[in-house]
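Engineer: So the protein sequences, as listed, match chains A and B.
To convert, note that position 119 of the first sequence is 527 in the numbering used here; the numbers rise steadily by one, no gaps.
To convert, note that position 26 of the second sequence is 434 in the numbering used here; the numbers rise steadily by one, no gaps.
No false leads were mixed into what you were given.
If chains are identical, the list can't say which one is meant, so a pair holds when it fits in one copy or spans any two.
Cross-link-like lysine-lysine pairs, in silico, BS3-like; alpha carbons within 25 Å at most: (1) LYS544 / LYS511; (2) LYS511 / LYS467; (3) LYS544 / LYS530; (4) LYS507 / LYS458; (5) LYS467 / LYS521; (6) LYS530 / LYS511; (7) LYS467 / LYS509; (8) LYS458 / LYS530; (9) LYS546 / LYS467; (10) LYS507 / LYS485; (11) LYS485 / LYS433; (12) LYS511 / LYS485; (13) LYS511 / LYS546; (14) LYS521 / LYS509; (15) LYS485 / LYS521; (16) LYS509 / LYS544; (17) LYS509 / LYS485.
For the record, the hints were derived by calculation from the structure and aren't laboratory data.
There are 2 protein chains.
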Amino acid sequence: MSSSEAVPQARVVVQQCLSARLQVKPPSQENEAEYVEVGRGIIIYICFLKGSTEDLVEKMVRSTLGVRLSESEPNGKLVSVLDLPGDVLIVPQATLGGKTKGKAMQYHSNIAKTEGQELYTKFCTMCAETFETSTKTKEANKTVKHGTYGNRQVLTVVTNGPYTHVLDF
Amino acid sequence: MSSSEAVPQARVVVQQCLSARLQVKPPSQENEAEYVEVGRGIIIYICFLKGSTEDLVEKMVRSTLGVRLSESEPNGKLVSVLDLPGDVLIVPQATLGGKTKGKAMQYHSNIAKTEGQELYTKFCTMCAETFETSTKTKEANKTVKHGTYGNRQVLTVVTNGPYTHVLDF
Chain A
409 MSSSEAVPQA RVVVQQCLSA RLQVKPPSQE NEAEYVEVGR GIIIYICFLK GSTEDLVEKM
469 VRSTLGVRLS ESEPNGKLVS VLDLPGDVLI VPQATLGGKT KGKAMQYHSN IAKTEGQELY
529 TKFCTMCAET FETSTKTKEA NKTVKHGTYG NRQVLTVVTN GPYTHVLDF
Chain B
409 MSSSEAVPQA RVVVQQCLSA RLQVKPPSQE NEAEYVEVGR GIIIYICFLK GSTEDLVEKM
469 VRSTLGVRLS ESEPNGKLVS VLDLPGDVLI VPQATLGGKT KGKAMQYHSN IAKTEGQELY
529 TKFCTMCAET FETSTKTKEA NKTVKHGTYG NRQVLTVVTN GPYTHVLDF
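Looking at chain A on its own, in the form it has when it is part of the complex:
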C-alpha cells in the first residue's frame, strides 16, 4: 500500500455490515429490479485511478480481504473477513476518485471507463476465487456479491458500526 504522500492508483473504502442489499439491475417496463444481498461481513466501495494495473488488483484483493477490519464474536477481536468468516459486497464507486475544485468535484484522476470495468471485473473474480479457496469462508458458505459497473448503486446497509476505513493503493 502506498504512503499518504504518494499519488494513489486505486482507492477502496471498507465498511462493516450486518446486512446489505444492492440493486444490480434497474427496473424496466417488463421486469422488476434485481438485487443481491449479503449478511454479516464487509462492503468494499472501489475506484480505479490512472495507473491501475492487473498486478495492482492482485495486491488490492489480498490486502482488502486480509486486513483485520471485522469484529469477531464474542469478544470483538478484529479479524479479516476471511477469518470472520463473513460475506463481501463489492460496490463500484468511481466517485471515490473525486477532488474538489471550488464547489464542484472533478474526476481527472479516474481511469478510463473500459479499463476500469476490466479491472473491476478482475477484482470481483479474484475475491470470489479467494473465498472459494479459503477454508473458513468455503466451509461457512460465505459469498462475494458485487454491483454492476456503471450502474446507479441503489443500496441499503445495516451496520452495528460502519468502522469506515479508506485504503489507498
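We have chain A already, so just place chain B on it with the hints.
Structural biologist: Quick look at chain B alone, frame taken from chain A:
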C-alpha cells in the same frame, strides 16, 4: 482543501442518502436505545487528525455543506445539501484516520480524544447554525442530526446511490 500530496489534518467521507437512522445512546437495563433519523440528504463521516484546529473546522463546514454532491430532482443536477435542501447526519468515525501496517490498522495520525471531541462538537454546532441561517434549509425545515462521539455507531442507511466522496482537509 489540501492537495493529495499534503498530509491531511482531517478527513470526511460523504454519502448521499434517502434516509438514515443512527443510535445515539445504547440500550441499558433501564432504557431502550435512542436513535436519530434523517430523510433525504447526506451522511458526513468525520475524523480529526493531528494538527486540526477550530479554524479548520470552519473551513470544513463551509466546504462540506457547500460542495455539490446531492442530486436534485427532477433532472439529477448536482447541488449542495443546502440548496437541495436536504438533511445532514454527522457520524464520528475515528477509523478514517487509519493506515495499514501489514494486516493491522494503525491510528497514529489521529488527534487526541478530548481535542477530537471538542472539534467534533464545534463541527456539529456550526453545521446546525448554518442550517438555521440558510434560507432554503430553514424554510423546508431540514435538520442536522449527529452521533455521539466515542460511541458505537449503530447505523442503517438507505440510498439510491451513495455517491461516496472522500474529502481531505
